Amino acid sequence: MRRTALIAFVALLEWAAVGHAGVPPATYGTLDNGAILIVSEQRSLPVVVIQITIDAGARLDPPAKAGLANLTSELLTEGTTKRSASEISDMIDFLGASLDSNADVDFAGASLAVLKKDLPAGLDLLADVLLRPAFADAELVRRREAVLASIRASEDQPGTVASRAFQRALFGSEPYGHPVEGTIDSVPKLTRADIQSFYRQYYRPGRSIVTVVGDVSTDEIKPLLDTALQKWIGGAGEPFVYPLAHPPEQREVTIDKPLTQANIILGQRGVARDNPDYYAITVMNYILGGGGFSSRLLDNIRTRGGLAYSVSSAFSVNKAPGSFEVVMQTKSASAGDAIARARSELERIRREPVADDELSEAKRYLTGSFPLRLDSTRKISAFLSQVEFYGLGRDYADTYAARINAVTKEDVLRVAQQYLHPEEMILVVVANLKDTPLTTAPPAANVQGSEAGAH
Numbered sequence: 156m157r158r159t160a161l162i163a164f165v166a167l168l169e170w171a172a173v174g175h176a177g178v179p180p181a182t183y184g185t186l187d188n189g190a191i192l193i194v195s196e197q198r199s200l201p202v203v204v205i206q207i208t209i210d211a212g213a214r215l216d217p218p219a220k221a222g223l224a225n226l227t228s229e230l231l232t233e234g235t236t237k238r239s240a241s242e243i244s245d246m247i248d249f250l251g252a253s254l255d256s257n258a259d260v261d262f263a264g265a266s267l268a269v270l271k272k273d274l275p276a277g278l279d280l281l282a283d284v285l286l287r288p289a290f291a292d293a294e295l296v297r298r299r300e301a302v303l304a305s306i307r308a309s310e311d312q313p314g315t316v317a318s319r320a321f322q323r324a325l326f327g328s329e330p331y332g333h334p335v336e337g338t339i340d341s342v343p344k345l346t347r348a349d350i351q352s353f354y355r356q357y358y359r360p361g362r363s364i365v366t367v368v369g370d371v372s373t374d375e376i377k378p379l380l381d382t383a384l385q386k387w388i389g390g391a392g393e394p395f396v397y398p399l400a401h402p403p404e405q406r407e408v409t410i411d412k413p414l415t416q417a418n419i420i421l422g423q424r425g426v427a428r429d430n431p432d433y434y435a436i437t438v439m440n441y442i443l444g445g446g447g448f449s450s451r452l453l454d455n456i457r458t459r460g461g462l463a464y465s466v467s468s469a470f471s472v473n474k475a476p477g478s479f480e481v482v483m484q485t486k487s488a489s490a491g492d493a494i495a496r497a498r499s500e501l502e503r504i505r506r507e508p509v510a511d512d513e514l515s516e517a518k519r520y521l522t523g524s525f526p527l528r529l530d531s532t533r534k535i536s537a538f539l540s541q542v543e544f545y546g547l548g549r550d551y552a553d554t555y556a557a558r559i560n561a562v563t564k565e566d567v568l569r570v571a572q573q574y575l576h577p578e579e580m581i582l583v584v585v586a587n588l589k590d591t592p593l594t595t596a597p598p599a600a601n602v603q604g605s606e607a608g609a610h
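According to my numbering, the sequence shown is numbered sequentially starting from 156.
These are calculated hints, taken from the structure and not from any lab test.
Keep in mind that this is a model prediction, so the values were computed, not measured.
Cβ atoms here follow ideal geometry from the backbone N, Cα and C, with glycine treated the same way.
Check the hints yourself; a few may be wrong.
[What the hints assert, rightly or not] Restraint ranges, calculated between C-beta atoms of paired labels, are given here:
#, residue 1, residue 2, range
1, Pro508, Ser352, 45 to 55 Å
2, Ser465, Asp292, 16 to 26 Å
3, Phe249, Asp187, 45 to 55 Å
4, Asn587, Pro275, 25 to 35 Å
5, Ala293, Asp454, 19 to 29 Å
6, Asp340, Tyr397, 41 to 51 Å
7, Val296, Lys564, 55 to 65 Å
8, Thr563, Ser352, 26 to 36 Å
9, Thr563, Pro217, 28 to 38 Å
[As the list claims (entries may be wrong)] With a straight-line Cα cutoff of 25 Å, these simulated DSS-like cross-link-like pairs (lysine-lysine) come out:
#, residue 1, residue 2
10, Lys271, Lys344
11, Lys377, Lys518
12, Lys564, Lys272
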């Protein structure tokens with residue numbers, strides 16, 4: 156019972172509000188092995204969070220090996236050459252710590268949250284899973300089956316089915332064209348040799364950022380990290396170049412499922428995270444569909460039209476241009492009307508300047524909510540890691556509000572015209588097609604039963 160309470164206590168501390176106002180201070184340096192080091196002292200709580208972010212995300216999956224980055228990261232904590240998976244779990248419990256590993260589209264990594272007094276033992280465990288993963292056959296089989304079970308279960312979730320179909324239609328065989336977790340076809344074929352090769356190629360300090368947030372200084376933590384990670388070696392390797400994008404081969408995808416409502420995605424290719432118009436795009440999207448109940452899409456389609464259970468828009472920004480999506484759920488019979496209204500709002504924001512009150516509300520919300528990204532040690536570590544990973548500038552947090560507030564109505568109109576192209580957007584509908592008239596578009600290629608054929 157005491158150990159369970161300790162685990163809960165550490166989990167509470169890593170997400171608890173930190174005792175600072177404004178942007179947390181951070182120092183930057185380099186470990187002896189070449190990894191970037193970021194340290195943000197937060198002395199109000201006796202906990203330390205260490206986040207290791209590695210340029211080893213799913214965009215680096217080789218062709219026909221979708222899910223490799225994800226499976227590699229998941230297996231880090233499932234046994235090393237020194238400890239079995241159960242011994243790692245027991246050690247985490249003993250320390251009352253949390254230890255996680257995962258992969259995203261662009262990056263992968265591992266993180267540790269531990270009480271300050273247990274930092275040496277926790278760091279030894281983190282270094283073990285990072286430097287000496289066993290990738291044991293038994294654990295590989297178990298994790299592979301767990302991933303497949305999750306993929307199969309998600310096929311019953313219409314929103315996920317629509318999202319995957321949209322991703323494939325938009326990106327095709329490009330690196331962003333497959334789910335992070337892989338596919339039913341690709342995951343069973345992933346081998347231990349594949350994982351070992353991926354790990355050797357990408358899990359290098361020269362591709363990594365080590366972010367430390369909590370009750371520790373740079374002078375305290377750097378010697379500990381240099382010692383723990385001294386055998387972790389390797390430079391950045393060849394830079395990844397995203398292949399030349401090709402226009403989608405199919406603009407409409409319909410997937411027939413026995414549903415009472417239609418799940419709809421209308422979208423296109425978006426922008427990269429380092430796009431200089433990011434701030435104007437953020438403001439524009441808030442007004443269009445990112446602003447909850449104050450957005451134009453929600454006002455038109457839900458509030459005035461009574462058509463949708465939910466509707467929103469978002470840009471997914473990555474190392475390379477990601478996607479822009481309008482996502483809706485509506486009654487099957489209302490799908491055509493909802494799609495038409497969404498298109499009309501896309502055209503309107505491209506045609507005429509936004510109102511002064513819309514612009515003011517967007518700026519007020521975006522700047523006012525920004526500190527919520529930095530109100531816990533866990534959030535600060537993720538924030539600092541990603542700002543560095545995406546090269547947003549180490550003054551990003553200090554200048555964010557000023558850059559948002561500098562956006563004008565002319566900027567909003569300009570980026571809407573430059574980056575939104577309704578006539579070129581892909582339409583994906585997952586619904587009971589016999590009850591779902593799509594009167595606003597020409598007939599689409601029908602796909603029966605499963606998303607599997609919606610290429």
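Verification of the hints:
At roughly 53 Å, the beta carbons of proline 508 and serine 352 sit within the given window of 45 to 55 Å. Distance hint for serine 465 and aspartate 292: a CB-CB separation of about 44 Å, inconsistent with the stated range 16 to 26 Å. A beta carbon spacing of about 29 Å between phenylalanine 249 and aspartate 187 contradicts the range 45 to 55 Å that was offered as a hint. Separated by about 59 Å at the C-beta atoms, asparagine 587 and proline 275 break the suggested range of 25 to 35 Å.
Look at alanine 293 against aspartate 454: about 55 Å separates their beta carbons, and that is not inside 19 to 29 Å. With their beta carbons about 23 Å apart, aspartate 340 and tyrosine 397 fall outside the hinted range of 41 to 51 Å. A hinted range of 55 to 65 Å holds for the C-beta pair valine 296 and lysine 564, which are about 58 Å apart. A beta carbon spacing of about 50 Å between threonine 563 and serine 352 contradicts the range 26 to 36 Å that was offered as a hint.
For threonine 563 and proline 217, the Cβ-Cβ distance of about 45 Å falls outside the hinted range of 28 to 38 Å, so the restraint is violated. Simply put, lysine 271 and lysine 344 have alpha-carbon atoms about 42 Å apart, too far for the 25 Å limit, and the pair is violated. Of the pairs offered as hints, the one joining lysine 377 and lysine 518 is violated, with about 39 Å between alpha carbons and a cut-off of 25 Å exceeded. Of the pairs offered as hints, the one joining lysine 564 and lysine 272 is violated, with about 53 Å between alpha carbons and a cut-off of 25 Å exceeded.
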